[in-house]
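Visitor: Listed below, chain by chain, are the residues.
Protein chains: 2
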Amino acid sequence: MPYFDAAATAPLHPVAREALLAALDEGWADPARLYREGRRARLLLDAAREAAAEAVGCRPDELVFTPSGTYAVHSGISGALAGRRRVGRRLLHSAVEHSSVLHAATRHEAAGGTLSEVPVDRTGRVAAEDVAATLRPDTALVCLQSANHEVGTEQPVEAVADHCREAGVPLLVDAAQSLPWGPVPGGWSLLAASAHKWGGPPGVGLLAVRKGTRFSPQGPQDERESGRVPGFGNLPAVIAAAASLRALRAAAESGPDEAARLRRLVDRIRVRVPELVPDVEVVGDPVRRLPHLVTFSCLYVDGESLLHELDRAGFSVSSGSSCTSSTLTPSHVLRAMGVLSEGNVRISLPYGTPEEAVDRFLTVLPEVVRSVRERLAVPAGPAASAARQAPGSPTAAAPETVTPEAATGSPGGLVLDALGKRCPLPVIELAKVIGEVPVGGTVTVLADDEAARLDIPAWCAMREHEYLGERAAERGAAYMVRRRV
Amino acid sequence: MPYFDAAATAPLHPVAREALLAALDEGWADPARLYREGRRARLLLDAAREAAAEAVGCRPDELVFTPSGTYAVHSGISGALAGRRRVGRRLLHSAVEHSSVLHAATRHEAAGGTLSEVPVDRTGRVAAEDVAATLRPDTALVCLQSANHEVGTEQPVEAVADHCREAGVPLLVDAAQSLPWGPVPGGWSLLAASAHKWGGPPGVGLLAVRKGTRFSPQGPQDERESGRVPGFGNLPAVIAAAASLRALRAAAESGPDEAARLRRLVDRIRVRVPELVPDVEVVGDPVRRLPHLVTFSCLYVDGESLLHELDRAGFSVSSGSSCTSSTLTPSHVLRAMGVLSEGNVRISLPYGTPEEAVDRFLTVLPEVVRSVRERLAVPAGPAASAARQAPGSPTAAAPETVTPEAATGSPGGLVLDALGKRCPLPVIELAKVIGEVPVGGTVTVLADDEAARLDIPAWCAMREHEYLGERAAERGAAYMVRRRV
Chain A
0 MPYFDAAATA
10 PLHPVAREAL
20 LAALDEGWAD
30 PARLYREGRR
40 ARLLLDAARE
50 AAAEAVGCRP
60 DELVFTPSGT
70 YAVHSGISGA
80 LAGRRRVGRR
90 LLHSAVEHSS
100 VLHAATRHEA
110 AGGTLSEVPV
120 DRTGRVAAED
130 VAATLRPDTA
140 LVCLQSANHE
150 VGTEQPVEAV
160 ADHCREAGVP
170 LLVDAAQSLP
180 WGPVPGGWSL
190 LAASAHKWGG
200 PPGVGLLAVR
210 KGTRFSPQGP
220 QDERESGRVP
230 GFGNLPAVIA
240 AAASLRALRA
250 AAESGPDEAA
260 RLRRLVDRIR
270 VRVPELVPDV
280 EVVGDPVRRL
290 PHLVTFSCLY
300 VDGESLLHEL
310 DRAGFSVSSG
320 SSCTSSTLTP
330 SHVLRAMGVL
340 SEGNVRISLP
350 YGTPEEAVDR
360 FLTVLPEVVR
370 SVRERLAVPA
380 GPAASAARQA
390 PGSPTAAAPE
400 TVTPEAATGS
410 PGGLVLDALG
420 KRCPLPVIEL
430 AKVIGEVPVG
440 GTVTVLADDE
450 AARLDIPAWC
460 AMREHEYLGE
470 RAAERGAAYM
480 VRRRV
Chain B
0 MPYFDAAATA
10 PLHPVAREAL
20 LAALDEGWAD
30 PARLYREGRR
40 ARLLLDAARE
50 AAAEAVGCRP
60 DELVFTPSGT
70 YAVHSGISGA
80 LAGRRRVGRR
90 LLHSAVEHSS
100 VLHAATRHEA
110 AGGTLSEVPV
120 DRTGRVAAED
130 VAATLRPDTA
140 LVCLQSANHE
150 VGTEQPVEAV
160 ADHCREAGVP
170 LLVDAAQSLP
180 WGPVPGGWSL
190 LAASAHKWGG
200 PPGVGLLAVR
210 KGTRFSPQGP
220 QDERESGRVP
230 GFGNLPAVIA
240 AAASLRALRA
250 AAESGPDEAA
260 RLRRLVDRIR
270 VRVPELVPDV
280 EVVGDPVRRL
290 PHLVTFSCLY
300 VDGESLLHEL
310 DRAGFSVSSG
320 SSCTSSTLTP
330 SHVLRAMGVL
340 SEGNVRISLP
350 YGTPEEAVDR
360 FLTVLPEVVR
370 SVRERLAVPA
380 GPAASAARQA
390 PGSPTAAAPE
400 TVTPEAATGS
410 PGGLVLDALG
420 KRCPLPVIEL
430 AKVIGEVPVG
440 GTVTVLADDE
450 AARLDIPAWC
460 AMREHEYLGE
470 RAAERGAAYM
480 VRRRV
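Same order as they appear, the protein sequences are chains A and B.
Under numbering that gives the first Met the number 0, residues 0 to 484 are what the first sequence spells out, in order.
Under numbering that gives the first Met the number 0, residues 0 to 484 are what the second sequence spells out, in order.
Everything labelled a hint here was simulated from the structure, so no lab data went into it.
Every residue, glycine too, gets a C-beta built ideally from N, C-alpha and C.
Each hint should be verified, as a subset may be incorrect.
As the list claims (entries may be wrong) - Just so you have them, the derived chain A footprint on chain B, three or more residues with Cβ under 8 Å: (1) 100–107; (2) 195–206; (3) 219–233; (4) 273–287; (5) 473–481.
Using the sequences and the accompanying hints, generate a full structural model.
Guide: This is the structure we're talking about:
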């Protein structure tokens, strides 16, 4: 049963499992105690810190273990901001950071701080020059991920670190996704990571704070972990985390190149999915990306059905679509990139994923997508044609339309009322009515589903129609499209 | 090799180990995901929460899992204080709370809050009436441990909860030490606990917040654990923690009474140690106490040497003496109780401690204490007599004394200069010079070791001399003693 969601959490690495079992016997005591069990625990903790620091590329006394990657991000940001309070209270981050960074940013803003968000291009990549241009005298901290967790795009950390150093602003790198594959280069000041992303156990994060970085830990403190992480540590898990990270690095240096092998498998997915499934957009940078992660979106498909069908077929993947979890909004990453969000699938291959699993996925996917589209009454065959099909055909019932004046005062053209309809229905209905619109004419879609804001422009780009923009409406928004082909 | 420091951390319970191993296979995925690994993880998490809630005595939706007991205490206090901000900012706690509570209190004070500390008696017990009398209109929260972690004394949680309810003030109970032995009775509002104290794995705490308690989580939030604990959870450890807690409770209900067995072993230590070792003070409530924990202090002994010698003899114990870790001050618990701190030993027996281990400890201890006292030139035999021995005898060299006028302007009597001398030397030297003082006369001890403030009065009480109080001195303090016997 292939599990393709390593970017959420990776299965426990065999080395981590073995180290954890050993540490439950050898490393359970309090490393602050002077008796033999405590001394043994201290030795193991020191060795784990050294191994982790080597893998991160910092000094052992610059690295502390935290209860999670999120904890590392939150405490790293709050500590760095507090350390720079005299300089200013502006936090600069990219638009595609992990939610843990965004939550910390929200908190900072609620406490009176200010935020600057740096946009990304359509591949999800930040331009280092944009960061440089956004740096201001009151910028206290810059946060940038090393690679994106949803689309795999690598960020120009090294160049951004140079700009930050020049401006005297610390850079915190969220390395949760990339650390399994190698150290983060460049002159970053703080780095956060999460062990369960590399096959370590859950319950362990890393926070590195390079010497010379002003840092003032927030919240109550004790004497553990340099005063940065209070509470009894999770030593067996820490030992297992460090052991598995060291094992990954050792394997990368001496053994067959697992990153390259996974990269080839991902390349196969990137190439084959658009060939096998009509109306698919593969997103993220095709080259500067994580080796094991690929994301694509399928037009006229809802993420929840797609995930459900893939799960039934034995594949565990995740999605940035709305309607796939408690949220009704599409992923902020896809939004920031301006790409299609409906029918979104993220595949992240764990270490050792067999080639056959990927091949089987490629065999299964087309039928899964076809069946979901069929249930949504998207015409069979290349779905592209559905958009040009006349309404009233047996497989594409005419959606309810109203005259423009009655609804929006829109200057001529059709109005499609998709209010109350959830992703991907507004786009499917738009595709169905576009055939009624003369080439050069317009259609206005009324929709209150958040995904429409992203998916209607994305559909226009894929279909080569012109997206004219949106206007406020009594409910939701009015999205205007000019038929071009 | 007997490990007698369960109150610091207990060895992993076999049930916890087994559950952890199973959960590494079954419960590693993200319980927020909809695919089968995620659904399975969700089922396991829900079951763990139900089991933990049952053991705590709350509803499952009132309980969240945290990365540690300290985290539970810190977030419980900050969330409860924030929820009551409109009422006031006064935090009331006992003088013998765990350092995690005191650290949170310090933080609260630094942020502009106010503190009230309720004292304890010589057994370490709070009087419920004292709490009631200290409650004020602006009291936002009361913190009280269920039982003390250093001396084992149980607190009157139920009576305090009644007073709090009457006053409309929430009560947070730190149940870290007592939860292994049973639920905390009474109408508490919040409860914190720590899994590694009951043989669960490290990395898991519990925070229960009863419905109707105003609570506003601080710091960045996400959708996990009711918005109270952000970050990817440590599910395998959570499962193991809940399984072991459930197993302990089941064993207590159906099997032989382990608590009663350990209580008998502790009783044996309480009775035998003062018989076997001269000049020992057993501290803590003899009846209303944890079953597995006992603490005593040995006059004329330094904690570090004692721990070291016990470790060499194969016994792992802890100590509240100064000079045993990085701190130079004796435990705040012993200080608040006003009992002797030098030569302090805390014994906390893990589940299943064999009777023979306790007997062997009782065999070893007298020689260990004797050897430490010998090295410190405390006269052999009942050390009590040393205090009455004339200086100049071969085993008790006269300490350096100065005339009173020269040093302190003290009105007559001897002055003993123990400046720069660390615990237990000031007390040993006092014991040596007391023979020079006529009955009814005074001796003033100049000392700058923090332990002297506690140990000189404690020595007076044990020796039936009169402690006259302390005065400020150029360095340290001047402690005045009147010889009575």
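Visitor: Tell me the numbers of any earlier hints that the structure contravenes, in ascending order.
Guide: 4, 5
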